[in-house]
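Peer 1: As a plain string of letters, each chain reads:
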Amino acid sequence: MSTTNIASDNPRRSLVVDAARLRRYRIEGMVRYVLMVCAGVSVLTTVGIVVLLLFESLQFFGTVSIVEFVTGTQWAPQNQQYGILPLLCGTLLVTAGAALVAIPLGLGTAIYLSEYATPWIRETVKPALEILAGVPSVVFGYLALIVISPIIRDWVPNADPANAACAAIVVGFMILPTVISLSEDVLRSVPRSLREAGYALGATKFDVTVKVIVPAAMSGIVASFLLAISRAIGETMAVTLAAGGTPRITANPFESIQTMTAYIVEKTGGENAHGTPEYRTIFAVGLTLFVSTMLLNLAAQAILSRVREKYE
Amino acid sequence: MSRWSENTVEDSPVAVGRPTASTEKILRSASELAGSPKKFATTNVNFWYGTHHALHDITLHVPENCVTALIGPSGCGKSTYLRCLNRMNDMIEQTRVEGQILLDGLDIRGPKVDVVDLRKRVGMVFQKSNPFPKSIFENIAYGPRVAGLKSRDRLEQIVERSLVQAALWDEVKDRLNDSALALSGGQQQRLCIARALATDPDVLLMDEPASALDPTSTLRIEDLIFELKENYTIVIVTHNMQQAARVSDQTAFFYEGHLIEAGVTNEVFTNPSKQETEDYITGRFG
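These protein sequence lines are chains A and B, in that order.
Per the numbering used here, the very first residue in the first sequence carries number 1; after that it's consecutive.
Per the numbering used here, the very first residue in the second sequence carries number 1001; after that it's consecutive.
Each hint should be verified, as a subset may be incorrect.
Unchecked claim - Cut-off 30 Å, straight-line C-alpha distance, at most; resulting in silico cross-link-like pairs (BS3-like, lysine-lysine):
| id | chain 1 | residue 1 | chain 2 | residue 2 |
| --- | --- | --- | --- | --- |
| 1 | B | Lys1173 | A | Lys211 |
| 2 | B | Lys1112 | B | Lys1038 |
| 3 | A | Lys126 | A | Lys205 |
| 4 | B | Lys1112 | A | Lys211 |
| 5 | B | Lys1038 | B | Lys1128 |
| 6 | A | Lys211 | B | Lys1128 |
| 7 | A | Lys211 | B | Lys1038 |
| 8 | B | Lys1173 | B | Lys1150 |
| 9 | B | Lys1128 | B | Lys1173 |
| 10 | A | Lys211 | A | Lys126 |
| 11 | A | Lys205 | B | Lys1112 |
| 12 | B | Lys1274 | B | Lys1038 |
| 13 | B | Lys1112 | B | Lys1150 |
| 14 | A | Lys205 | B | Lys1274 |
| 15 | B | Lys1150 | A | Lys211 |
Stated by the list, open to error - Which chain A residues stay away from chain B? Per the calculated CB distances, all over 10 Å, these:
| id | residue |
| --- | --- |
| 16 | Leu15 |
| 17 | Gly62 |
| 18 | Thr71 |
| 19 | Gly72 |
| 20 | Gly108 |
| 21 | Phe173 |
| 22 | Arg195 |
| 23 | Gly198 |
| 24 | Gly202 |
| 25 | Thr204 |
| 26 | Lys211 |
| 27 | Arg231 |
| 28 | Ile233 |
| 29 | Phe254 |
Please keep in mind that the hints were generated in silico from the structure rather than gathered at the bench.
Using N, Cα and C, we set each Cβ at its ideal position, and we do this for glycine too.
Just chain A, same shape as in the assembly:
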């Protein structure tokens, strides 16, 4: 084949822009703006939500003092008692309980899958976890009531029918797939060379796992915990069904409690006249929820960057 043949197939085109080409360039230019609008929609939505939350909350704090809201120990909007602490306590109780269930169980499973399980077991368990992650939260909620609650009441006879422990356990299982799949990913991404270095020094599998692999993956593991915890804080449907619905400050997990999310569900479905302080509580509680999740994410970032500094 000669080079002249190739050249003749590709005649030099004029460099002058004609009308047809101009039209094509205009379309190319428009693509940029269409894509920009796509990105803009989500940004504007975020801004809109924050502005709405702030606006309605400000109105709420126009009638209810912010000090009372933050320090009050009674939450009874129908009686003009607006202390957020009982709801905060409920959320904390459920979240802490869920973390207590999900962190040991999740980390253990992740270590098993990444270090000990045969490929066949791993390939079977991972899709099963996807299914667990796909179970709707309302299903978790009534499973908590009809399965977990009776078990708890067998053990603790004076427990409320729906209680914090019941919700915590079920939320723990809901966030389990997040902990397992993220932790397993970071554990498996620890380079093979580090494992070999450990084994070559006469370490057992347990030594390598606990003293090399887990510490090396710690930043990712912590990130998976924090992500799971922030999911637990925001979890709504299961806690609405399973936690009871009584706002109270308590450390007893066997009492009926209410979380911030569950309160919002209750009020949104209720028949409060728009514009009343009682109606606006949902925005104030929503803002509190938003701020706590955001603080958690910021804390996570801070921890992660410190861990990174240490190891890089």
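With chain A's structure known, arrange chain B on it following the hints.
Peer 2: Below, chain B without anything else, positioned relative to chain A:
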């Protein structure tokens, strides 16, 4: 990329000629080699990765307190052989070993052999330095710690001794708590050598320990190998013929899974008995 540009600066002047053994460093003589006890004695070792037959009937003796270099083109089986000596291949699925591998007369594949203790006796340094993402101190203390040592004083002694042996102590003694990942490539590799020495092994296996290093760092590692062989038996895999000639007492040439020739390094390089060896060391292939 041309073959020329792949060679490091120190290789270049002799890259096309026959490598010569170093004259400044004293290599073991043929009679010394023959007189040394056999640290490793391997007989008819065969190895398979799945159905791929990677080693064919390797019979080779590794004399005590000598440096044995394994040379040969990529994929010839030299690293596989090396990893048989501390059973690192056990960790790779679907592999199979046959034959006899004796360490001080004991078959390391025997049913009663504790592979964890074997690896404490037979340390290993890898091609790419692989320090743990921990402090310099913790890297070295890892081996003794997993062996059950808890005394801080004793650990400090071991860390200092190992770093001195690996010629790294003076450079890092004031920053033992810094991350090992902050060290340079050459320092990291010496740290890995120190880490391997900390478990007080008899044998040190080195899989191309200097292939990722610059010429200066490479020379330091080679000097180190010279000093270490007084107390340790060393087996080194290398792609660098000059390196094999400079540091080893015995050289074994592998080709396509077969051991073509093994003998005193000077003999193998100046008067090889097989045509393949001659072709390989003069750079006609590989």
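Peer 1: Hint by hint, say whether it matches the structure.
Peer 2: Structure-based check of each hint:
1. With a C-alpha separation of about 24 Å, the suggested pair lysine 1173/B and lysine 211/A falls inside the 30 Å cut-off, and the hint holds.
2. Restraint check for lysine 1112/B and lysine 1038/B: satisfied, since their Cα atoms lie roughly 21 Å apart, inside the 30 Å limit.
3. Distance check on the hinted pair: lysine 126/A and lysine 205/A sit about 22 Å apart at the alpha-carbon level, within 30 Å; holds.
4. Restraint check: the Cα-Cα separation between lysine 1112/B and lysine 211/A comes to about 27 Å, which is no more than 30 Å; the hinted pair holds.
5. For the hint pairing lysine 1038/B with lysine 1128/B, the CA-to-CA distance comes to about 29 Å; that is within 30 Å, so the pair holds.
6. This hinted pair checks out: lysine 211/A and lysine 1128/B have alpha carbons roughly 21 Å apart, not beyond 30 Å.
7. Distance check on the hinted pair: lysine 211/A and lysine 1038/B sit about 35 Å apart at the alpha-carbon level, beyond 30 Å; violated.
8. With a C-alpha separation of about 21 Å, the suggested pair lysine 1173/B and lysine 1150/B falls inside the 30 Å cut-off, and the hint holds.
9. Note on lysine 1128/B and lysine 1173/B: the hinted pairing holds, with a Cα-Cα distance of about 23 Å set against a maximum of 30 Å.
10. Proximity of lysine 211/A to lysine 126/A is assessed by CA-CA distance (about 25 Å); at most 30 Å being required, the pair is judged to hold.
11. Between the alpha carbons of lysine 205/A and lysine 1112/B the distance comes to roughly 19 Å, so the proposed pair stays at or under 30 Å and holds.
12. Distance hint between lysine 1274/B and lysine 1038/B is fulfilled; the C-alpha atoms sit about 24 Å from each other, no more than 30 Å.
13. A threshold of 30 Å between alpha carbons decides the hint, and for lysine 1112/B with lysine 1150/B the separation of about 27 Å falls inside it, so the pair holds.
14. Proximity of lysine 205/A to lysine 1274/B is assessed by CA-CA distance (about 44 Å); at most 30 Å being required, the pair is judged violated.
15. Among the hinted pairs, lysine 1150/B with lysine 211/A is consistent with the structure: their alpha-carbon atoms are about 15 Å apart, no more than 30 Å.
16. Residue placement check: leucine 15/A keeps its beta carbon more than 10 Å from all beta carbons of chain B (closest about 37 Å).
17. Residue placement check: glycine 62/A keeps its beta carbon more than 10 Å from all beta carbons of chain B (closest about 53 Å).
18. Annotated as non-interface, threonine 71/A keeps its C-beta farther than 10 Å from every C-beta of chain B; the closest such distance is 45 Å.
19. With a least beta-carbon separation of about 48 Å from chain B, glycine 72/A lies farther than 10 Å from that chain, consistent with its non-interface assignment.
20. Once the 10 Å rule is applied to beta carbons, glycine 108/A is consistent with being away from chain B; the minimum gap is 21 Å.
21. With a least beta-carbon separation of about 32 Å from chain B, phenylalanine 173/A lies farther than 10 Å from that chain, consistent with its non-interface assignment.
22. At roughly 8 Å from the closest C-beta of chain B, the C-beta of arginine 195/A falls inside 10 Å, breaking its exclusion from the interface.
23. The beta carbon of glycine 198/A sits about 7 Å from the closest Cβ of chain B, which is not more than 10 Å, so the claim that it is off the interface is violated.
24. Chain B draws glycine 202/A into its interface by the beta-carbon criterion, the shortest separation being 4 Å against a cut-off of 10 Å.
25. The Cβ of threonine 204/A does not lie farther than 10 Å from every Cβ of chain B; its closest approach is about 6 Å, which violates its non-interface assignment.
26. At roughly 7 Å from the closest C-beta of chain B, the C-beta of lysine 211/A falls inside 10 Å, breaking its exclusion from the interface.
27. No beta-carbon of chain B is positioned within 10 Å of the beta-carbon of arginine 231/A; the least distance is around 28 Å.
28. Residue-level check passed: isoleucine 233/A sits 31 Å from the nearest beta carbon of chain B, beyond 10 Å.
29. With a minimum CB-CB distance of about 43 Å to chain B, phenylalanine 254/A clears the 10 Å threshold, and the non-interface call stands.
Checked against the numbered hints given earlier, this structure breaks hints 7, 14, 22, 23, 24, 25, 26; the rest are met.
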